[in-house]
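Participant: Sequence:
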Amino acid sequence: MPSDLNQKIYVAGHRGMVGSAIVRNLNAQGYLNIVTRTHSELDLTNQAAVKAFFEQEKPDQVYLAAAKVGGIHANNTYPAEFIYDNLMVQNNVIHQAFVSGVKKLLFLGSSCIYPKMVPQPMSEDALLTGKLEATNEPYAVAKIAGIKMCESYNRQYGQSHGVDYRSVMPTNLYGPGDNYHPENSHVIPALIRRFHEAKESGAPEVVIWGTGTPMREFLYVDDMAAASIFVMELNKVSYDKQVEPMQNHINVGYGSDVTITDLAKTVAKVIGYQGEILFDPSKPDGTPKKLMDSSRLNRMGWQPKVALVEGLAIAYQEFLRGNQRA
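Using my numbering, you'd call the opening residue of the sequence shown number 1413 and step up by one each time.
It should be emphasised that the hints constitute simulated quantities derived from the structure, not laboratory data. Treat the hints with care, since some could be wrong.
Unchecked claim - Distance condition first, Cα-Cα at most 30 Å in a straight line; then the derived BS3-like pairs of lysine-lysine: (1) K1515 x K1528; (2) K1695 x K1611; (3) K1695 x K1480; (4) K1470 x K1560.
Let the sequences and hints guide you as you build the complete structure.
Facilitator: Right, dumping it as structure tokens:
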């Protein structure tokens, strides 16, 4: 870790699940000069506003965790918003970071950048080798553009300006600060909310979208934050040994996956719901299997710490305490 804990670090999206976890982890590591802005204070889709912010604050590092995110329903319902908002945020933050002299930036993407039917586990070199999952293609295209923007600035300005912009691609995340909206949430918060409400109301059954057969990998959000800081602070020689100029993103996963059926049973057990779990095969499953190949990151020296059952228990307690976005 660098000795200068006073360097100014801008965390974009600090109120989101990942951004707030990054701030927690930076604080725990002793960083003293963390800059944040709420959406009402700074609209990252507004180019002039972002330009003014960087001119005023001149941060030393940027964690770009701001994004418009959601589950299958949200992605299907608001595709124009997902591609526009994410492209604008990325373009403005990355470019203005460069203009203001930021040397170190970390862009956070998503595992949905990989083709739907890509061989498993998904390695970094699978990017752009096939068709994307249709339900979240606009979001995925935006995230791919963010990766390529970081790579392009490195290629053009790495030697002349010392630019070192890196990208990490997390698997499915969960934990404190998650979105528990009844329609626009991801699978774990959706299950936590539905099983909790079913337990409270005494409902005899809970119906889950899809067949229950898809397999998913899940990573506790504070593990993701720790991995993000690890990658940001890793020395350039070690980082460059694991990447290529036009493929410099890093997967961040837990290392194993579970079926949606097993996930639902585990969430129900954590919450204490004892009713029946049913599945609705008329609803979409999404990608049949999504397991990240995180061997590059593992070779760099990082491993996750929080097991799924442990993380779900923490997430449920945070949900009960109201540490969530409804």
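Participant: Evaluate each hint against the coordinates.
Facilitator: Hint by hint, here is what the structure shows:
1. K1515 x K1528: violated (34 Å)
2. K1695 x K1611: This hinted pair holds, its Cα atoms lying about 24 Å apart.
3. K1695 x K1480: The hint holds at about 23 Å.
4. K1470 x K1560: holds (24 Å)
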